Amino acid sequence: MKFLLVAESRDGKLCDVSHELLAFAAEAGAEYAYFQVGSEESLPCCDATLYLADRERYGEYSPDLHKELILAAVEWEQPDAVVFMHSSYGWDLAPRVAVALQAAQVSEVVAINDGEYEVGCCNGKMRRSVKPTTPRVVLTLQSGAFNQKEVSGGTPQIVPLEIEKAGGQIDFIGYEEAEKKSVDLTRADIVVSAGRGVGKKENVPLIADLARALGGELGGSRPVVDAGWLDHSHQVGTTGQVVSPKLYMACGISGAIQHVAGMKRSEFVVAINKDRDAPIGEIADVLVVADVMQFVPALIARIGQQA
Amino acid sequence: MKILVCIKQVPDMESRFKVNAAGDWYDQSDLAFRMNEYDEYAVEQAVQLKEQLGGEPEITVVSIGPERVGEPLRKALAMGCDRGVHIHDADSSRKDPWQIASLLAAFAREGSYDVIFTGMQSQDRGSAQVGMILAELLGLPSVTTIVGFSYEDGQVTVRRELEGGARSVVRVPLPALFTCQLGLNQPRYPTLPNIMKAKKKEILLVKEGDFALTEGRALTSRLFRPEKKGRGLVLEGDVAEQSQRLVEILKIKTAVFR
Ligand SMILES: Cc1cc2nc3c(=O)[nH]c(=O)nc-3n(C[C@H](O)[C@H](O)[C@H](O)COP(=O)(O)OP(=O)(O)OC[C@H]3O[C@@H](n4cnc5c(N)ncnc54)[C@H](O)[C@@H]3O)c2cc1C
Ligand SMILES: Nc1ncnc2c1ncn2[C@@H]1O[C@H](COP(=O)(O)O)[C@@H](O)[C@H]1O
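So the sequences go chain by chain: A and B.
With the working numbering, the residue at position 215 of the first sequence is 215, and numbering never jumps.
Every position in the second sequence, counted from 1, becomes a number in the working numbering once 307 is added.
The hints are simulated quantities; they were obtained by calculation from the structure and are not laboratory data.
Note that this is a predicted model, so its numbers are computed, not measured.
Where a beta carbon is used, it is the ideal one built from N, C-alpha and C, also for glycine.
Some clues are possibly wrong.
What the hints assert, rightly or not - So, partial list: chain B residues that the calculated Cβ filter (under 8 Å) puts toward chain A:
id : residue
1  : Asn-327
2  : Gly-330
3  : Tyr-333
4  : Asp-334
5  : Leu-338
6  : Ser-434
7  : Glu-470
8  : Ala-473
9  : Val-479
10 : Leu-520
11 : Arg-565
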């Protein structure tokens with residue numbers, strides 16, 4: 001089996017995903033070559049062929065061109081699978097490549113099993129085993145599912161890629177960096193987060209009270225931020241902050257992968273959820289099955305008695 | 308201007324899911340269904356664009372699925388879409404993203420739409436593919452994961468969400484397709500008068516079989532509940548007891564009360 005692994009770069013730097021792509025290839029027992037639109041200054045460590053297209057020339061977000069470049073690499077390499085991360089780069093590009101190759105795409109793969117790919121479904125509550133029926137497949141990997149601590153060193157053999165630059169219709173204007181965080185959750189020892197399960201904006205102060213009672217900071221899941229109940233600087237997750245406190249309390253949070261990615265390195269996790277099957281239960285050290293609005297006041301009272 | 312919005316009906320994610328008899332999908336009986344969350348942002352963006360242009364654009368909302376998808380279609384009409392199209396398919400859950408997108412493309416080709424909105428992903432299948440495949444099949448430029456949208460003189464400028472809260476700004480000429488991310492806007496609640504008005508709007512019923520059938524490219528061989536790793540302790544009972552237990556545990560396992 002042979003894979004074409006698609007690396008990503010942002011602002012000229014290789015994104016930190018190559019070890020996950022490598023770990024996946026290792027787990028599948030596949031040979032691999034790399035593809036990257038980037039520069040020689042920032043290359044993945046590996047002893048493989050690297051099809052390198054120049055980022056100055058092809059841009060970092062120019063999906064029509066990147067698709068053509070990948071197709072050119074596929075033409076050379078004839079891989080069985082083209083593998084992306086399930087990231088803003090990968091989920092944007094993968095379907096374009098899959099359609100062009102008339103290949104099945106399997107998104108957000110978390111495991112590989114007998115030629116079938118396992119993916120999460122229903123917000124992580126269930127799993128599916130997917131069997132492609134096309135000879136070639138396009139895959140995107142869930143970030144964090146395949147991990148390899150040690151990235152084996154090595155220098156890739158570069159094959160420069162060039163294609164005719166037909167004018168794409170998508171114009172990249174520029175990046176906007178994330179707003180400066182007014183709340184730095186990354187240094188907090190204790191983070192107490194409010195999720196959609198708190199019900200309404202008026203209930204958020206109760207969770208803030210709990211955070212205060214424990215001497216911690218207030219965090220939140222994305223819907224709470226999107227709805228304007230909390231400022232974005234409180235958001236925990238892939239598109240918010242990544243925290244690793246000694247204690248993380250998730251109040252009314254289901255445990256979607258993008259939230260979990262932001263807090264799974266916490267030392268001790270307590271979840272309060274009325275749904276015993278909520279996926280947050282998978283990573284919680286303690287799951288309290290209760291209504292947050294009843295449990296949290298009781299807990300605050302108990303904490304008060306400790307003083 | 309003609310706008311198309313693609314919506315999917317999905318179960319409430321707080322439901323208890325059971326595997327169906329065939330073992331390849333969840334059992335659809337006894338579930339409460341709603342409009343896919345991401346698609347609500349798509350509907351809202353279409354309605355906002357129509358409002359910006361003084362009500363000129365016509366918005367069609369389309370959904371593939373069984374009888375019950377009439378409900379989210381009605382909701383989209385009550386939010387401000389003009390006409391609904393229900394592509395009836397009792398077995399849509401067995402179709403893969405390629406087949407769903409092919410059906411949508413067969414329908415959309417006849418409409419020559421200027422703007423198409425889809426959700427970035429469906430909450431149940433979550434493939435994040437249907438919108439993009441549809442765009443490729445129609446030969447339209449497309450941008451995923453938009454969290455900002457503005458239209459001016461035939462050009463659209465969008466903000467794409469990247470990891471860590473960064474964004475990129477991208478400009479595209481119409482016609483084009485966009486997949487909508489959470490937080491793009493604040494989807495409106497349909498008002499009672501608009502719900503009444505929506506009852507009079509047309510929902511065209513077409514059959515999945517009226518379109519040429521495409522073969523699937525991937526099939527679900529098995530759906531199952533992930534194995535519990537069983538690391539955590541589950542506290543049930545009344546809140547007085549639970550809170551006492553939790554404080555005891557925190558005392559032993561963490562430094563919170565030291
Ligand atoms: C590209 C991308 C990036 C994303 N980035 C992030 C991110 O950075 N951070 C993030 O958080 N999300 C992110 N998301 C969204 C993520 O997928 C989920 O939608 C989100 O995390 C869900 O938030 P929630 O758990 O608060 O809400 P829900 O999923 O709606 O869960 C609410 C939970 O509360 C429970 N509940 C309800 N009522 C009560 C009650 N009275 N008492 C106790 N429990 C109750 C329910 O059982 C449920 O488990 C992202 C999504 C995408 C696609
Ligand atoms: N059965 C369907 N009918 C109409 N639109 C759909 C359907 N399935 C998916 N879509 C659209 O495609 C998007 C992505 O779905 P998915 O590829 O399943 O994650 C959804 O947010 C919808 O906008």
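Quick rundown of the hints versus the structure:
1. The restraint placing Asn-327 of chain B at the interface with chain A is violated, with a minimum CB-CB distance near 11 Å, outside the 8 Å limit.
2. A hinted interface residue such as Gly-330 of chain B counts as satisfied when its beta carbon comes closer than 8 Å to some beta carbon of chain A; here the least separation is about 10 Å, so the hint is violated.
3. Taking 8 Å as the C-beta contact cut-off toward chain A, the hint placing Tyr-333 of chain B at the interface holds, the least distance being around 6 Å.
4. At about 11 Å, the closest approach between the beta carbon of Asp-334 of chain B and any beta carbon in chain A exceeds 8 Å, and the interface hint on this residue is violated.
5. The beta carbon of Leu-338 of chain B comes no nearer than 10 Å to any beta carbon in chain A, farther than 8 Å, and the hint placing it at the interface is violated.
6. Nearest Cβ of chain A to the Cβ of Ser-434 of chain B: about 5 Å, under the 8 Å cut. The hint holds.
7. Nearest Cβ of chain A to the Cβ of Glu-470 of chain B: about 6 Å, under the 8 Å cut. The hint holds.
8. Contact between Ala-473 of chain B and chain A, as hinted, is supported at the beta carbon level, the nearest pair being about 5 Å apart and thus within 8 Å.
9. Evaluation of the Val-479 of chain B hint against chain A yields a held restraint, the C-beta minimum of about 5 Å falling below 8 Å.
10. For Leu-520 of chain B, the suggested interface contact is broken, since its CB lies about 15 Å from the closest CB of chain A, more than 8 Å.
11. Annotation: Arg-565 of chain B was flagged as interfacial toward chain A, and the flag is violated, the nearest CB pair being 11 Å apart, outside 8 Å.
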